[in-house]
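Participant: Hey, can you work out the whole structure from these sequences and the hints?
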Amino acid sequence: MSHSDGDLEQFREQTRAWLEANCPPEMREPVRDDDDVFWGGRNATFKNDAQKAWFEACRDKGYTVPAWPKEYGGAGLTPPQAKVLREEMARINARSPLSSFGIWMLGPALLQFGTEEQKQRFLNEIARGEIRWCQGYSEPGSGSDLVSLQTFGEDKGDHWVVNGQKIWTSYADKADWIFCLVRTDKADKYRGITFMLFDMASQGVSTKPILLISGNSPFCETFFDDVSVPKSYGEGIPAQVGEVNRGWDVAKYLLGHEREMISGADGGERTAAIGAAMKRSVGELDPVLRAELAQFDVDALAYACMGEKFLDEVKVGKAHPAQPNMMKYAGTELNKRRHELMMAAGGSRALEWDSEETDGGKTARNWLRTKANSIEGGTSEVMLNVIAKRILELPGA
Amino acid sequence: MSHSDGDLEQFREQTRAWLEANCPPEMREPVRDDDDVFWGGRNATFKNDAQKAWFEACRDKGYTVPAWPKEYGGAGLTPPQAKVLREEMARINARSPLSSFGIWMLGPALLQFGTEEQKQRFLNEIARGEIRWCQGYSEPGSGSDLVSLQTFGEDKGDHWVVNGQKIWTSYADKADWIFCLVRTDKADKYRGITFMLFDMASQGVSTKPILLISGNSPFCETFFDDVSVPKSYGEGIPAQVGEVNRGWDVAKYLLGHEREMISGADGGERTAAIGAAMKRSVGELDPVLRAELAQFDVDALAYACMGEKFLDEVKVGKAHPAQPNMMKYAGTELNKRRHELMMAAGGSRALEWDSEETDGGKTARNWLRTKANSIEGGTSEVMLNVIAKRILELPGA
Amino acid sequence: MPLYYDDDQAMLADTASQFMGEEGAIGKQLRHWRDRNCKDGFGHGLWKQMAEMGFTGILLPEADGGLGMGHVEAGIVLEEIGRNLTPSPFLTSSVLAASALTEGSDDLRGRWLPGLIAGDSVFAVAIDEGGKHRPERIATRAEKSGNGFRLSGRKDFVVQGASADMLVVAARTSGSDSDADGITLFAVPKDASGMNHEAVRLVDSSMATHTSFDGVELDGDAVIGEVDGGRTILNAMLMAGRVGAAAEGVGVARGAMDMTVDYLKQRKQFGKLIGEFQALQHRAAHLYSEVEIARAAVVKAAQLLDSESERADLMASVAKAKVAKVAGLAVREGVQMHGGIGMTDEYDIGLFMKRERALQEFLGDQYYHAGRVAELNGY
Amino acid sequence: MPLYYDDDQAMLADTASQFMGEEGAIGKQLRHWRDRNCKDGFGHGLWKQMAEMGFTGILLPEADGGLGMGHVEAGIVLEEIGRNLTPSPFLTSSVLAASALTEGSDDLRGRWLPGLIAGDSVFAVAIDEGGKHRPERIATRAEKSGNGFRLSGRKDFVVQGASADMLVVAARTSGSDSDADGITLFAVPKDASGMNHEAVRLVDSSMATHTSFDGVELDGDAVIGEVDGGRTILNAMLMAGRVGAAAEGVGVARGAMDMTVDYLKQRKQFGKLIGEFQALQHRAAHLYSEVEIARAAVVKAAQLLDSESERADLMASVAKAKVAKVAGLAVREGVQMHGGIGMTDEYDIGLFMKRERALQEFLGDQYYHAGRVAELNGY
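Protein chains in written order, with my numbering: chain B, 1 to 397; chain Y, 1 to 397; chain Z, 1 to 379; chain E, 1 to 379.
Just so you know, the hints here were simulated from the structure itself, not pulled from any lab data.
Errors might be hidden in some of the hints.
Stated by the list, open to error - Capping the alpha-carbon separation at 30 Å, the derived lysine-lysine pairs in DSS-like fashion look like this:
hint: 1; chain 1: B; residue 1: K362; chain 2: E; residue 2: K28
hint: 2; chain 1: Z; residue 1: K272; chain 2: Y; residue 2: K189
hint: 3; chain 1: B; residue 1: K318; chain 2: B; residue 2: K336
hint: 4; chain 1: B; residue 1: K336; chain 2: E; residue 2: K272
hint: 5; chain 1: Y; residue 1: K389; chain 2: Y; residue 2: K315
As the list claims (entries may be wrong) - Some chain B residues flagged as far from chain Y (calculated, every beta-carbon gap over 10 Å):
hint: 6; residue: A75
hint: 7; residue: S99
hint: 8; residue: D185
hint: 9; residue: Y190
Idealized CB from N, CA, C, for every residue including glycine.
Facilitator: Shown next as structure tokens:
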């Protein structure tokens, strides 16, 4: 579907009016902590009435997932319309009405690989915020080499019995269901993995939060001890996405999707601020640190251009399919450097770990947290392997 | 042999007096070009009488190779005495009386692996400047992977017939003899190489100079076309050093020796001068370039400490046997960076290629020449491999 | 405006790539003229061919006989020049001098532009004084003299100065050396008496001059724009030149990278293609990533220049600094990964290193522009 | 003097290594006190044990009851402290404060040194004002008041300030904030009225204070050295502290590197030990090379300090800058090569990263000291 400019302009005005009418002022404030984010799910509670009103208005309009088809709970917006909505929400600083791994990860997988019945059931539940999902990928022995995963589902006819351990499961302790990579055939490394969906309330599932060097985190270890997973949740609703033993295709698809998201293109503008802010606060910059900041600004502003170019190219399908790996590599390495410099700029004040003046050690904790950027969602080393192999086509890579 | 301090002091005074009497004033000037260096050999000519007098005085005293035993043309100095001689020569800026790959490379190999008769003949010829040697190691297809060399010596009973090609043979066009790695057994990669000595005037030897990106160079390509090499040059003087097919041991020994030489420990003091000199000439330094120079000075001055430590440790046998690889790696990378900064500091003037003001483009040519530092004598990549394997003991390295 | 090429730009890129790849190839141009010790450092024949392609007037308004295109398009041509190390007066004449001349009077334009468009004339720009680019400080003076001016001073790093039919000279007509105002640009014809060139060959085989002005008498006609008002034109010219040099630098980086990646797929050591070694793979992948980023910055800067954005100045410095850094990396990695043969004059990779060095220095190196980015960002 | 350890030093290194490896181990000290939210950030028991080893008085003259050793020896102890991330008041008390106190009167030394040597006392130094180390500028003022002084101002980043029995405070007794002269050092006892500590826990679980002096009355006895002549003592104290911090930093770097190299030999991915991947091998080898170089610079700086060389100041800054850079590399590579588990609080590698950051900042970071190197080198 294509629009005339006039159509889009009209849509923009309608959207603006709708937002004006439905987005409460409290929902136009920046998100301060995890409480301000609404994740949905069986046990969801709202922080306040405004959060509830805003979520419900969006849900009813299909704006929790504006680009999904209407029959799955979305608003069926075209990409240009969705862009207008994003722009208009950004204009008034509207918060996201619903955050969810269902929206970001499982949804796209189901849209690509799911049966009609799976879509009907799960996508609607996700869109309506009725279910909160978590992702079970990594295992202690399978990080970069994800395909070596060991969590095993034994075939018991009408169900599997799953045993094993996952790690880095974000919000596993708060999720209702999990989408999980489970080995169902030990003979075939790649074609022996099933992308399985099951209830986290099942007997034998337990979780344990992970404390990071930066402090508390949403990450958990998740243990499966003889967890029984039925093979079907009803007519046309198998427990797995895609075929049994072909879950690796789904996982790969989602990994690409994830890298595209992580690689995001922000940074340039934000960054150039470190030097100026420091000058304002210190009066006189250490000249060598100033030079480092200057060289960083060059890299950050150039990367921002690349981000813009990448998004432009993605939109029209011109980007190399492996380009997200390059964006993720460069973007995360840059972000780590940014936070190193923020620590240097902040000096001893930035070292404080829990003082009020530092908002509980925010500079230091953020700095430490960024160290995971180049690990999670594929390490920088894996990204470089992929670039070498798929873009530069180097031998045996 | 050990000395009392008194013995050494006496030796120092004698040496000082001898140098005063024998080193002409012209030989106390810095070396300006290759002409100023005396390389010896069959076709050697002296640039002037002073060069001749200085060489002959040293030759007769054994000071062309002061630490070699007297029976091989040296002066038989102990290490402390040799150090005193070096110090006293440095004090008056005395030039080296004789430069030679025979002294630096072949000599140490013969001292370690040669027969008594080989030492008697070749070491004396080297010490007396009667023969000029070149080194035949690398081949076009065998750079870092030296052991894959293809130059082949076919066994014809009392002689070999050598065919093949060498590259990077320094002064091959001026050398009398070559010490050359030749494959004599195709079945065994490591134990199929012979360290062979032969006359460059032999029929079938030809050379071709190599032009570098920095301009003219002493390097040549050297071609062997059915060169006949006798297996013996007389009683107890085989044409090879060490055993036939065991030349790789000799080569490895010499490579270690070479890296130790290249890795040298200079640099710190010289370096810190770039920034100050630039400030003198420009008046006001670009602040970001100043910061780069400052960070370079930190690295260069720290490396100078490492150089000092390394030499101290080598003297008492405390250095890890693979440490020269680390010194070569760090030292050559640093030197390349030094010259990058000298180009930046020099600006457009430093770009000039043959103007008089730049002494024929000295800054630019030196800069380009340093790019070979991390290639010749083992690439930086090979050095890192060796560090990983032999020092860090990483698996499968 | 999206940051990829539109259809017309993509077509231009194809054309330029084919033309430079054939007519501007290293063997046909750079080595040819270098090995003959050519006093110009480039071939007039190719310049004429470039005129036939319309390249020489690419930035000039159609009213003046040019193509009326923008800096994105000029950058497309320059990137191909960079990839092929093609020596030509394009950057100095068609980008820098042209940028200044478009601000000139009808007379001036009429006098100089037709020759440029036809590929008959070559122009140079005389800005630097001293070894490092520092256009904030201009000491060369032009004093009122009758109806015109008397020019005295000395300029350095005047690329193709001795071959130029006309030099755009930045001189001070009032104020002291470091004043922002009081600059005037002059179009000085090659036969002006009192102008003396000391020509030097640079590391990349291009030619430049130290040019002295010993009381050179100029007509009032030689003034480009307003007397004392040259800083604005100079700044616009510098921006255009920096983005242009950055575009050429991206070409140099890509050329070096492509050559090196090819070599990694051919050269064997230790029984493997060296491109199989993971350490080299990662370095190559990092380089690719940096080159892509630099390229995006150049296209963005060119777009901002074309749309006369206020951010163009900042992004021109970002692009110049980023490209200098990345192209430097590309040629250093290139020579190192080629190993010994990379050091020989026979192989082309060293030529990329030489060109990169000269280009990096032209109109400000990475350090100068990083410092400018800091200043423009308020610290 | 050779740059390797002589026999006595080698023996001391063995002793220190064994002692810190056992008594100062991460589990026994750092995690122990951290997990108990200890207000001191270190254990007094270990401090007492260090006294029994003689470490507390290692730099003090034998006449004062110390071991009369030099900065090389203090560095040996500090390197082991760094390797084990052992929290202790050694650097502030036995190196920094001790360096100043040795210039103090018999009375002052008699009052404070026995407690230090016995491991009963802890000292801190109050130098920085503001977030970045800039001792060239001191605004805290001490004004004549009767026989003594009245101290007013505020100091930041006073490591272990709240635990200290005495603080060495650098204050201005004449001149303006940025003057070189006019500085006086004071030994301020913890019970001085008008001194107020705001204690903060730092990223590495150590404790520091923002300390304000609100008209603190001090006896003339509290002056260390001469009134207005404190800059020399301050500089000597800073040199000692910087070389000491650098020695500790080398220990942190080595600890992180050793842990990481071990991990490379254990962790499998893609069916191989990750230490088999060449890209990681080269990075580890580069890191090794850098750590070795940093270590040599520290020993050299310590020797120059011990021989009272004029180059000690330059080399102290070289050592501090080099170590900060290298230890930063070591911990970043450490966390990255450990992958996900490197991010968890359960593994020790993250503790190295935290300690490195605090140590890097203490007494001037790599940028501050690189700038000093440039200044001392005349540009």
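Participant: Hint by hint, say whether it matches the structure.
Facilitator: Checked hints:
1. B:K362 to E:K28: With Cα atoms ~28 Å apart, B:K362 and E:K28 stay inside 30 Å; holds.
2. Z:K272 to Y:K189: Cα-Cα ~16 Å, so holds.
3. B:K318 to B:K336: Judged against 30 Å, a Cα distance of about 29 Å means the pair holds.
4. B:K336 to E:K272: holds (28 Å)
5. Y:K389 to Y:K315: Measuring from Cα to Cα gives roughly 24 Å; hence the hint holds.
6. A75: holds (50 Å)
7. S99: It holds; B:S99 is separated from chain Y by about 42 Å at its closest Cβ, greater than 10 Å.
8. D185: The assertion about B:D185 holds, with a minimum of 30 Å to chain Y.
9. Y190: holds (25 Å)
No hint from the list above goes unmet by this structure.
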